[in-house]
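Student: Taken in order, these protein sequences are the chains called W and S. Residue numbers are given in full-length UniProt numbering: position 95 of the first sequence equals residue 95, and the series is strictly consecutive. Residue numbers are given in full-length UniProt numbering: position 417 of the second sequence equals residue 417, and the series is strictly consecutive.
Check each hint, because a few of them may be wrong.
For the chain W half of the interface with chain S, some residues (derived, Cβ under 7 Å), not all of them [as the list claims (entries may be wrong)]:
(1) 48
(2) 77
(3) 125
(4) 160
(5) 168
Worth flagging that the hints you see were computed from the coordinates, not collected in a lab. These numbers come from a predicted model, not from an experiment. For each residue, glycine too, the CB sits at the ideal point set by N, CA and C.
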Amino acid sequence: MALSSASPSYLTPIHDKLMPKHVLPPKGGLKKKAPSDGTATPITPSLAVQLSYLHHPRPFKNPNYTKNVNRRAKNLKNVLTAERERERAEREARRLEREEAAKANLNAAAAAGDIPEEAPTYTTIEAPPSLIPHKHLCDITGLEAPYTDPTTGLRFHDKSIYEIVKGLNPSIAKDYLSARGVNSIVK
Amino acid sequence: MDVGTVLCLFAVYLSFSFNTMDNPPNPQNIHYLPTTYQASLPPPAEPYDNHRSAHTPIVIDNGSTNLRWGFGTSSTPFSGPNAIAKYKERKTNKPLLLFGEGIDSESGARGQAKTPWEGDILLNFDALENALDYAFIQLGIDTPTVDHPILMTERLCSPLHSRALTSELMFELYSVPSLTYCVDGLMSFYQNHLPPPDTRYSANGLVVSFNTASTSVIPVYRGKGLLNHAKRIPWGASQSSEYLLKLIQLKYPTFPTRITNIQTNWILHNFCSVASDFPALLKKLQNPLNLRASEVVIQFPFTLPVVEEKTEEELARIAEKRKEQGRKLQEMAAKTRMEKLLKKESDLQYLTALKEGRGGESKKEWMGKLQAEGIESEAALDDIIKKLDNDLKKARRKEAGETEEPLEEPSFPLVDVPDADLDEESLKEKKKQKLMKAGFEARVRARKEKEREREEKEREEKREEEEREEDLDGWAKRLRREQEALMSKIKDRARRKAALNDRKSAAAQARMKNIASLAADDRVPKAKKRKIGGEDMFGADDADWAIYRKINTAAPSDDEEDDLAALHTIEQKLLAYDPTFTPSHTHAALASQRSALVSAFRPVYDEADVQGNTRIHLSTELTRVCEAWFAPGMAGVDSAGLGEVIANMVPSFVPSLSASSFRSSSSNTFSSSRPHTSSADRSSVLSNVLLTGLPSLIPGMPERLHSILQSVLPPGTPIRVRRAQDAGMDAWKGMAAFSRSREYTTTPGRERYSVSKAEYEEWGGERVKIWWGGNWNGGVNVSSPGEDEEDGWGGGGDEGGGHGGDWDGDAMEGVEETGDGHGGDGGGGGGSGGGGAPAPGPGPAPSRDLGKAVEAGPSSSSASTSAPVAGPSTSTSEPVAGPSTSAAADGPPPTKQEIENARHVEAMFRKMFPMPGDDLGDNSDEEPDGNGYESTYYEPDPEDEW
Numbered sequence: 001m002a003l004s005s006a007s008p009s010y011l012t013p014i015h016d017k018l019m020p021k022h023v024l025p026p027k028g029g030l031k032k033k034a035p036s037d038g039t040a041t042p043i044t045p046s047l048a049v050q051l052s053y054l055h056h057p058r059p060f061k062n063p064n065y066t067k068n069v070n071r072r073a074k075n076l077k078n079v080l081t082a083e084r085e086r087e088r089a090e091r092e093a094r095r096l097e098r099e100e101a102a103k104a105n106l107n108a109a110a111a112a113g114d115i116p117e118e119a120p121t122y123t124t125i126e127a128p129p130s131l132i133p134h135k136h137l138c139d140i141t142g143l144e145a146p147y148t149d150p151t152t153g154l155r156f157h158d159k160s161i162y163e164i165v166k167g168l169n170p171s172i173a174k175d176y177l178s179a180r181g182v183n184s185i186v187k
Numbered sequence: 001m002d003v004g005t006v007l008c009l010f011a012v013y014l015s016f017s018f019n020t021m022d023n024p025p026n027p028q029n030i031h032y033l034p035t036t037y038q039a040s041l042p043p044p045a046e047p048y049d050n051h052r053s054a055h056t057p058i059v060i061d062n063g064s065t066n067l068r069w070g071f072g073t074s075s076t077p078f079s080g081p082n083a084i085a086k087y088k089e090r091k092t093n094k095p096l097l098l099f100g101e102g103i104d105s106e107s108g109a110r111g112q113a114k115t116p117w118e119g120d121i122l123l124n125f126d127a128l129e130n131a132l133d134y135a136f137i138q139l140g141i142d143t144p145t146v147d148h149p150i151l152m153t154e155r156l157c158s159p160l161h162s163r164a165l166t167s168e169l170m171f172e173l174y175s176v177p178s179l180t181y182c183v184d185g186l187m188s189f190y191q192n193h194l195p196p197p198d199t200r201y202s203a204n205g206l207v208v209s210f211n212t213a214s215t216s217v218i219p220v221y222r223g224k225g226l227l228n229h230a231k232r233i234p235w236g237a238s239q240s241s242e243y244l245l246k247l248i249q250l251k252y253p254t255f256p257t258r259i260t261n262i263q264t265n266w267i268l269h270n271f272c273s274v275a276s277d278f279p280a281l282l283k284k285l286q287n288p289l290n291l292r293a294s295e296v297v298i299q300f301p302f303t304l305p306v307v308e309e310k311t312e313e314e315l316a317r318i319a320e321k322r323k324e325q326g327r328k329l330q331e332m333a334a335k336t337r338m339e340k341l342l343k344k345e346s347d348l349q350y351l352t353a354l355k356e357g358r359g360g361e362s363k364k365e366w367m368g369k370l371q372a373e374g375i376e377s378e379a380a381l382d383d384i385i386k387k388l389d390n391d392l393k394k395a396r397r398k399e400a401g402e403t404e405e406p407l408e409e410p411s412f413p414l415v416d417v418p419d420a421d422l423d424e425e426s427l428k429e430k431k432k433q434k435l436m437k438a439g440f441e442a443r444v445r446a447r448k449e450k451e452r453e454r455e456e457k458e459r460e461e462k463r464e465e466e467e468r469e470e471d472l473d474g475w476a477k478r479l480r481r482e483q484e485a486l487m488s489k490i491k492d493r494a495r496r497k498a499a500l501n502d503r504k505s506a507a508a509q510a511r512m513k514n515i516a517s518l519a520a521d522d523r524v525p526k527a528k529k530r531k532i533g534g535e536d537m538f539g540a541d542d543a544d545w546a547i548y549r550k551i552n553t554a555a556p557s558d559d560e561e562d563d564l565a566a567l568h569t570i571e572q573k574l575l576a577y578d579p580t581f582t583p584s585h586t587h588a589a590l591a592s593q594r595s596a597l598v599s600a601f602r603p604v605y606d607e608a609d610v611q612g613n614t615r616i617h618l619s620t621e622l623t624r625v626c627e628a629w630f631a632p633g634m635a636g637v638d639s640a641g642l643g644e645v646i647a648n649m650v651p652s653f654v655p656s657l658s659a660s661s662f663r664s665s666s667s668n669t670f671s672s673s674r675p676h677t678s679s680a681d682r683s684s685v686l687s688n689v690l691l692t693g694l695p696s697l698i699p700g701m702p703e704r705l706h707s708i709l710q711s712v713l714p715p716g717t718p719i720r721v722r723r724a725q726d727a728g729m730d731a732w733k734g735m736a737a738f739s740r741s742r743e744y745t746t747t748p749g750r751e752r753y754s755v756s757k758a759e760y761e762e763w764g765g766e767r768v769k770i771w772w773g774g775n776w777n778g779g780v781n782v783s784s785p786g787e788d789e790e791d792g793w794g795g796g797g798d799e800g801g802g803h804g805g806d807w808d809g810d811a812m813e814g815v816e817e818t819g820d821g822h823g824g825d826g827g828g829g830g831g832s833g834g835g836g837a838p839a840p841g842p843g844p845a846p847s848r849d850l851g852k853a854v855e856a857g858p859s860s861s862s863a864s865t866s867a868p869v870a871g872p873s874t875s876t877s878e879p880v881a882g883p884s885t886s887a888a889a890d891g892p893p894p895t896k897q898e899i900e901n902a903r904h905v906e907a908m909f910r911k912m913f914p915m916p917g918d919d920l921g922d923n924s925d926e927e928p929d930g931n932g933y934e935s936t937y938y939e940p941d942p943e944d945e946w
């Protein structure tokens, strides 16, 4: 690894701290010790400055590495969609494979045994929606809620809570509903 | 339900059983927020010399909350919150880069903090790079590469995007020689079921792994994670903490201080718990006393308002000053009044003089004189003089302190004179006098009326007083009845108002009917018309007009104000004389009344009580937020909870419960090879549960899971539920233990777990090798001789037993027997598409597979098949070095073995995807000296990344 390949770039913009720093002379707060003569106001580097590792040498990093362009391009949604898409394509491919195998081999059952089941992916291991009817809880207190207010849709425990529910203004009632994941769609 | 009756009952109920705001909440269980943690300087980097060129594995647990790292040989890892912050310090304008707890040392840095994880997904690789930099700096690494094998956790079934970019960082930026990905839950399970030396790790159990943003349930069978049965619930500690925050914000919408995520996290981990029986707990908490008893109060910081204390002297001085000012003002006012009076007096004198001075001037001259003064006529002059005179008299009287005396009756002499006797002037005068007389008389009448009323009132009061003195009880009862009647009237009105808002209510419809009938041409129906003589009598009765008020909903009701006033007087009387009538019985108090339950749920402090108003009372919330792990639906996440997920697994593992009617295949399975041991084995998976991850420390979690298992497993099954010994660290410790085990340290062994740099360069960053502690997606199935990896993986799905459910191969044995990683199992060459197939050894079976793969290769999606040969044939952005060029690549020179591996792989792929000029026909001949990798490419790569 050629150490000289990284130019001694004092002029590198500060934020580009991903440049290998091992060729730079160590600068920064950690090395600075407060002058102890006590005449002038001693500048003690703050804790944060001491904790900062921006200028610590990182000899172990490959100076020739360039960042993957993909690194920042994808957001969470993209990644999950890609994953789902990939899974779908894979399943399709497997299906084709299986059909071909069945065609090639009359003993379809045996062929099916050879084809691997799909590998579990991030999307396939997601727990299914709940099938158990879940308990109705009072939106205000969290106690059991046998009643539902027909105007707001809020569940409530008893008549004293109903008094509160009646007094809620619609936007707060909506907030309560959204805590339960019921979001009215406003068009 | 009839709301009216409920409300009436409610009103009665109120007066008996409700405690009032008079009792200030006096909480017992108050907790103060912890003072903010001050980060300390990290320990100096370890001396690296012990590990220099020793290839000690580095173990990294890349959790979404905490990053833990260290050499596999150390007993405890470094650890810190997995976040970095780039920040420019204000004072010195110095850029800073902080990791973990260091971020808290600079107040502004918190806002700049970035974590590698976005929820459950590893996504921010800039942050990951910075965090890994910190980790390697702390390990003291000063060589040009990180020359250590890496073991690192990744999310269960991690998306391949995350894995690819992590591998890229590791191999290309840090140039590590090899990388093994582990699933944290499985490694924690390993740590808690460490096999004795020289025995195979083959524990059964169920891992419930609590992550920050998700919770996973992974069955482990004979040491291997059955990922095809694993499930992830999208609910974790961060969701619980957010849910808690939301509940607090709803409960205290006007809380004075901002509540942060850190604070709710602290509450979650310190006070929340899982109810072993949630419905029973809710029943118990219905009682306000129990609700109060269960509450936890969090006191937020507050500052008492500074009350200025003044001494007597100061107060006296201030009062004196104020008096002085008042006096000055009074004096000034008196002065101006005096001046005005003087002016008026002089005016009067002047005008009277003017009047008297009218000598023998002609009328014209006189008028001219008057007009010069701005007066129109003589009469006007008289008026002015009279007015001035009156004013002066009044002022003097006032000065003398007299009250205004009633005016004597003015005389109206002309009123009684017949018109005939009067001339025109006098007639006018008479008219005027008549009017004045009428007005005067009306005033007198009104005065009399008033007097009479006063008298009557006095009489009434007297009578009431007598009544009161005679029979206080009766009087009070009467008044209370009146009060109640008024209150119910007010309530009725309010209800009517509310009902009018609803278009469908009876009240609203009656109103519409009224409007319609008022608008109709003939209001009176014909039949009725005939009866009453054909006349519309609307308006004859004054009450008829009330209909207009009734249909106008916006009109303010006079009655309402009257009623409130009457109510007020009644209440005042009762308050004054009835000792049993307290302020809490007044209408105002009752209207703002809160039930015991409501005030127990959220006690209200006096407005001036700053300390009380910065308290948060938590009662049902403490269990409610944890209950969401078992029913995420209650917080709006449509997913099965922990209990349901585990219950769904039962049929796959407990044969007696998998009814043969719908799971015939699996019951076949169980009866096939070794029914007894196998099924007993499999069902033991569910009866040994390990909870790991920090949220598993929430009290009650094991007990709850125990009761869940008890309800879903056959009666009498011994159930063992426990937490990991060190819920936070065990994943790291398990990996460290694994990195020290013979299984990993022996060279051929490691190759079965980790991806080497050469392999990375060939396969790209998404591939891993399938082993017991890692993920399967993007996996390459590596069988070593003696171990047939068929179950679970190959069998997949619920018919996991398709291959008998036994991995009877012994990894260690296999390794020792062959001694050579690329040994004999050439027959397994049918990797493509057939990784799950039992590979009985060198035999004819695979040739079919291979041939098929070759056929499928060019025709099916090109990404899946062309990937490995991307080096020479496709040009993509990724730096993919073909096997042949790997030696020339940067980084440590590949070992001899790696080169050999590469050659093998190249040979295999050339067989599968022949270049022009290659001979396809002889592939079966070369198989026996095939390679150790039986690669299975499951992933057609739609993104054409390589």
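Student: For each hint, tell me whether it holds in the structure or not.
Tutor: The hints, checked one at a time:
no.: 1; hint: 48; verdict: holds (4 Å)
no.: 2; hint: 77; verdict: violated (10 Å)
no.: 3; hint: 125; verdict: holds (5 Å)
no.: 4; hint: 160; verdict: holds (3 Å)
no.: 5; hint: 168; verdict: violated (10 Å)
Of the hints listed earlier, those the structure fails to meet are numbers 2, 5, in rising order.
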